[in-house]
Amino acid sequence: MAGSLPQLDPGWVDDILLAGAADDACLHIGEPVSRAELRGLVAERHGALADAGLRRGGSVALCLAPSLAFITNLLASWRIGAQASLLDHRLTAYETDVALKRLLPQVVVAAEHSTGGPLRGFAEITEHVRAYPGQPAATSHAVIQLSSGSTGPSKIIARDAASLVAEVKRYTQIDGVPRGGERIVSLASMVHVLGLVGGLLYSLHAGVNLTIPARMTADGILSAVAAGSRPTTLLGVPFHIELLASVQEPPKLPQLTGMTTGGELVRADVHDAFVDRYDVRLGNMYGMTEVGVIATDLFGEHRPAVLPAPGLAVREEAGELHVSLPASPYLGDQDPSRWSDGWLHTRDAGTVEPGTGLVRVLGRRDSQVSVGGLKVDLTEVEHMLAALPEVTGAVVVHDHAIEAYLMLAEGAEVSAVEREITIRLAAYKRPRRLHVVEQLPRTATGKLVRDQVVLRNQPVPNSEGTDHER
Amino acid sequence: MTVPGGPRRSDVIAMLATYGNRQPEQVTEAIDSLELAWLMHQIEQRYGRLDVDDDMFARMSTVTGVLDVLNDLKVGSSHD
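Sequence lines, in order, name chains A and B.
Letter 220 of the first sequence, counting from 1, is numbered 220 in the numbering used here, and no numbers are missing.
Whatever position you read off the second sequence (first residue = 1), add 1000 for the numbering used here.
Incorrect hints may appear among the rest.
What the hints assert, rightly or not - Pulled a few chain A residues facing chain B out of the computed Cβ check, cut under 8 Å:
#1 Gly117
#2 Pro118
#3 Asp219
#4 Leu222
#5 Gln248
#6 Arg315
#7 Gly319
#8 Ser370
#9 Gly372
#10 His435
What the hints contain is simulated information worked out from the structure, not anything from laboratory work.
All C-beta atoms in this analysis are idealised placements derived from N, C-alpha and C, irrespective of residue type, glycine included.
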C-alpha cells in the first residue's frame, strides 16, 4: 500500500510540532494535556492507523469534529507520512459518501461514539478506524480539503508539509502573534485553516497553550479566558466579536491582550463596541484554505486594510487579488482562472496600495458567502436544488440568511424538496426559507434575476402556501 | 401551561431579531447554532444564568423548542 512519491520526511511532525519540554501545558481541551501526554497519544494513534494498513505515501480521511481525537489522528497520519483528507463532520452521510468516492482514501477515521452537541467547542470522541477501497496518495501533499464549490463541483485543495511548516514559520515573523508561554483561546474550528494552522499547529510549534472552550456561548468563552492566567489572545471569526461585544458587563480580564479574527471584515460599529467593552486590540487576518494566512493587521493600525505576511506577495489584477504561490493548490483538472504562473487567483475583489503594499479586501467576486465563518457557495446550493426532479427552477440568495426561490414541477410537494435538502446538504448550507413562486423572473438577456426585492414580489401559485420555513 | 412571567414566543423572536438587526418577521422558526449562541446570551442577560445541557441545546433548534426548554427550566418564574 505504500506510495512511491517523495515526501517531506515525516520527522517534521516530531521536530516542528511535538518538540519541547515534556511538562509543557500545550493543550487544554476540557482538561490540560501536556506535551508528553500528547506525544504518547499520537504514538498510540500511529500504531492504530498502521495496524489498519496506513503507510508512508498512503491516504486517510478524517471525519472528526474538533476534538483531541482529531488532533492525535491528524498528527499520527502525518507522522506516518500519509496524506490526510479533512472532511467536515457536519456533512450529511450522503455528502460524506460523495466526498469519499472522490478522494478514495485507504483508511477512514470517524466517530464511533461522540459526546457533543450544539454550541460545544469540542467533542469527546471514541474513534473508529476502518479500511476503505481507496488508493495510495497520488501526490506528495500532506493535507487535502474540499472547497465550498464556486461554480461546478467543489475543488480539491491540497497543501504539502513544506507549505504548512512555512506558514507556521510565517506566523513566528508576524508582529503581534502570541509568543511561547502565552495562550490562545480558539473559537475557530481546528478543521479549517485558521484554527488548524493559526491555532493548533502554530501553538504546538511556538509553545503557546491552545485552549478550546467547552461551550461557545458568550459566558463559556469568557469563562475559558478567565480560567487561565497566561497572557491570552482570543482567535475567532466576526460573529464572536458581535457576541462578546453584546455582553453588557463583561468580567475584568487582565490576562486578555487582544482578539484576532479571520474571515469577513468586522463592521466598524461592532469593532468599536468590542474595543470599548474589553479595552484590548482587535486584529484582523486575511487568508485562504489554499495558502493559509495571507495578510494581517493584528494591532488594528491599518483597519480596514491588512499588510501581506513575510514571504508572500499580493497583487491586484483587474480588480481581483492574487497571491504568490509557486504551484497550483488544486488537484485534478487545472483551471488557469484559479492559479497560473505562480499566482493564486483569490476570487476576492480588492486593491493593493502602491508603496505601502496595504491590501483592501472588498468582497467576493463569486457566489461564495460566509455563514459564521463557514464558506458556502450559493451556486452549489442552487445547482443542487435545480437538479431535483421536483424543482423546475431555483435561485438562491443571501442576505441575513440563505434563502431559495423555487418553481415546482406539476404535482410536486415542497416537503419532498425539504427532505432532499436534509439528505444532500449539511445544515449550515441549507436555505433557511424556501419561497415557492409561480415564475422566476429573467432579465432581457434571459439570465435569472437575483434581486431580492423583485423575487419577494413574485406571485405565488394559487394552490400552494406562501413561504416554507425549515 | 406556559410559566407565568416566562418568555413568550414574541419575546424569543424579538431576542433573535436583535442578531443582525432584523425585523421580527424575518426571523425563521428554525434556529442555527450562531443564532442559538446569540439567543442564549440574550436570555441569560434578561433572566440570569441557565443550566442547559446538551440534550436541551439539541431541542433548541426551533423557536418552539426554545420555549419548551425555557418552560421546563421554569425561566422567569423564580424569585431571587
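| said: Check the structure against each numbered hint from earlier and tell me which ones fail, lowest number first. | reply: Violated: hints 4, 6, 7, 8, 10.
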